[in-house]
Amino acid sequence: MRITCPLCGARDHREFTYKGAALPVPALDSGVAEWDAHVHLRENPAGPHEELWQHAMGCGAWLKVRRNTVSHEILAVELAQDAGLVIKEDRS
Amino acid sequence: MAETEMQLAAKSPCAGLLPLTIGDVTLTEDTPAAMTLIAPYKGQEKPLSDALNAAHGMGFPAPNRATGNAEARAIWFGRAQALLVGPVADPKLAAHAALTDLSDGWAVVRLEGAHAEEVMARLVPIDLRPQVFKRGHTARTELQHMMASITRIGPKALQIMVFRSFADTLVHDLKRAMEAVAARG
Ligand SMILES: [Zn+2]
Numbered sequence: 064m065r066i067t068c069p070l071c072g073a074r075d076h077r078e079f080t081y082k083g084a085a086l087p088v089p090a091l092d093s094g095v096a097e098w099d100a101h102v103h104l105r106e107n108p109a110g111p112h113e114e115l116w117q118h119a120m121g122c123g124a125w126l127k128v129r130r131n132t133v134s135h136e137i138l139a140v141e142l143a144q145d146a147g148l149v150i151k152e153d154r155s
Numbered sequence: 092m093a094e095t096e097m098q099l100a101a102k103s104p105c106a107g108l109l110p111l112t113i114g115d116v117t118l119t120e121d122t123p124a125a126m127t128l129i130a131p132y133k134g135q136e137k138p139l140s141d142a143l144n145a146a147h148g149m150g151f152p153a154p155n156r157a158t159g160n161a162e163a164r165a166i167w168f169g170r171a172q173a174l175l176v177g178p179v180a181d182p183k184l185a186a187h188a189a190l191t192d193l194s195d196g197w198a199v200v201r202l203e204g205a206h207a208e209e210v211m212a213r214l215v216p217i218d219l220r221p222q223v224f225k226r227g228h229t230a231r232t233e234l235q236h237m238m239a240s241i242t243r244i245g246p247k248a249l250q251i252m253v254f255r256s257f258a259d260t261l262v263h264d265l266k267r268a269m270e271a272v273a274a275r276g
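The listed protein sequences correspond, in order, to chains P and C. Okay, so the first sequence: first residue is 64 according to the numbering used here, each after it adds one. Okay, so the second sequence: first residue is 92 according to the numbering used here, each after it adds one.
Since the hints were derived computationally from the structure, they do not count as laboratory data. Some hints here could point you the wrong way.
With a straight-line cut-off of 27 Å between C-alpha atoms, the simulated DSSO-like cross-links for lysine-lysine are [what the hints assert, rightly or not]:
| id | chain 1 | residue 1 | chain 2 | residue 2 |
| --- | --- | --- | --- | --- |
| 1 | C | 133 | P | 82 |
| 2 | P | 127 | C | 133 |
| 3 | C | 183 | C | 133 |
Label-pair distances were calculated between CB atoms; the ranges are [what the hints assert, rightly or not]:
| id | chain 1 | residue 1 | chain 2 | residue 2 | range |
| --- | --- | --- | --- | --- | --- |
| 4 | P | 69 | C | 141 | 40 to 48 Å |
| 5 | C | 227 | P | 69 | 17 to 25 Å |
| 6 | C | 183 | P | 134 | 46 to 54 Å |
| 7 | P | 101 | C | 124 | 48 to 56 Å |
| 8 | C | 227 | P | 104 | 46 to 54 Å |
| 9 | C | 119 | P | 69 | 30 to 38 Å |
Bear in mind the structure is a predicted one, so any value in this text is a computation, not a measurement. Here a beta-carbon is modelled for each residue, glycine too, at the ideal position from N, C-alpha and C.
So here's chain C without its partners, still in its complex pose (with noise of 0.2 Å):
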């Protein structure tokens, strides 16, 4: 008799709703392979910094910036905390900070376009035109009625970040502003 094997897929947080392109604006979804909030110890800012230079290459970020490159990237993710997007932490850096495993629980996508500020302009109350927010900028801001993670990735690129229940909704809000956009020409 022939063996069952039963294998489970994880499905990522806008698995069905993209990639979506109308006009000139794309959005697709990335799934980083890890997602670890740091949160550092009180007086412990500057060793956990050296320790997540020495692991994964880069320092702790200051208020509203992102470190790091596509690989590996720590962006700054609201009072006393930053989160680690791309590698496993390294448990080293316990010492330093409490670790969070937030992998599963936020989805990422990536929004792509001449116009993407433009869209962006129709869901959120700050200003993320390329000349005021630059390359390694990053922002805890509301889109439309969702905490949101905003992050220069390129110059026509901007990752943003809700929680993964709101998936829908954030494809759904993104959508809306893309085409109307578009139909402006």
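For reference, chain P alone in the conformation it holds in the complex (with noise of 0.2 Å):
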């Protein structure tokens, strides 16, 4: 499995760290019942999944990885800066 860094071009999966599944976090004053759902509750597709990995033995980037559960074809990669799962600060 290879996976194209955006930054370092196509790398060995052995350069990667996998983290789960890429998940837009909620927001710090949600409920219970959300907080719960995004800690514990998941698709578990076979198919397509979005996750999150870390080019850890490359450039340290995180990325989002669209990758078939199935098949490993990587379908997708993006910097994960890029990828709007970050907590939106809002000081109004």
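Assemble the dimeric complex from its two separately framed chains, guided by the hints.
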């Protein structure tokens, strides 16, 4: 399996560390039910899955990777910083 | 009574381990005077690159590239960071970037010879042949189980860096690979 890091190019999967599903983080004032779902409930699909990997042995960047869990085909890769997963800071 | 003067001498990361020549490949240690990690602040990439040029004569490197020369080199060192190797970083750079002194933190070695890439092919998962990995190219990758920085610094020469604490392991792994390549003749 190879993952094409947007910064480094195509690299062997040994350079990457898997974190888990790429989920948007709930707003800090979300209720218990929403946080419980965020922490514990997963779809576990047989097919395309959005997940987070870190290019730990390379550039260190966190990546959002779309991977087919059946074939391990890598369908899309982008820098996690561009994936809109972070909490929106609202200081209004 | 004679005065006793104590002098403490810095010990390089590969002291007692290098130099080493096996077959036509040579492994030597480089001990740059300073190494500084430069991490530009958000939106400061351009002014930082200009300041780096004014102070040290090279622009901020693009991903997978190194700028400068043997005396002063800026090596892309990962996402949004570069390592200035050689001169002490000009304090003016601090207006645009976080500067971290890593001078004693990394071991720096030079692998040189006609078969240097064959030695590396046994240790890293990327193609370092000169037609692919050209002068000015650099990579963050894995060397055995160590996170490494590899830069082409000559037609037959590669610079390899790992954490200082891995210096012994680095030399051990390179030595075994050099022996294996030499044994094939
Ligand atoms: Zn990368």
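Now for the hints, and whether the structure bears them out:
no.: 1; hint: 133(C) <-> 82(P); result: 26 Å, holds
no.: 2; hint: 127(P) <-> 133(C); result: 21 Å, holds
no.: 3; hint: 183(C) <-> 133(C); result: 17 Å, holds
no.: 4; hint: 69(P) <-> 141(C): 40 to 48 Å; result: 25 Å, violated
no.: 5; hint: 227(C) <-> 69(P): 17 to 25 Å; result: 20 Å, holds
no.: 6; hint: 183(C) <-> 134(P): 46 to 54 Å; result: 52 Å, holds
no.: 7; hint: 101(P) <-> 124(C): 48 to 56 Å; result: 49 Å, holds
no.: 8; hint: 227(C) <-> 104(P): 46 to 54 Å; result: 49 Å, holds
no.: 9; hint: 119(C) <-> 69(P): 30 to 38 Å; result: 35 Å, holds
The earlier numbered hint that this structure contradicts is number 4, and it is the only one.
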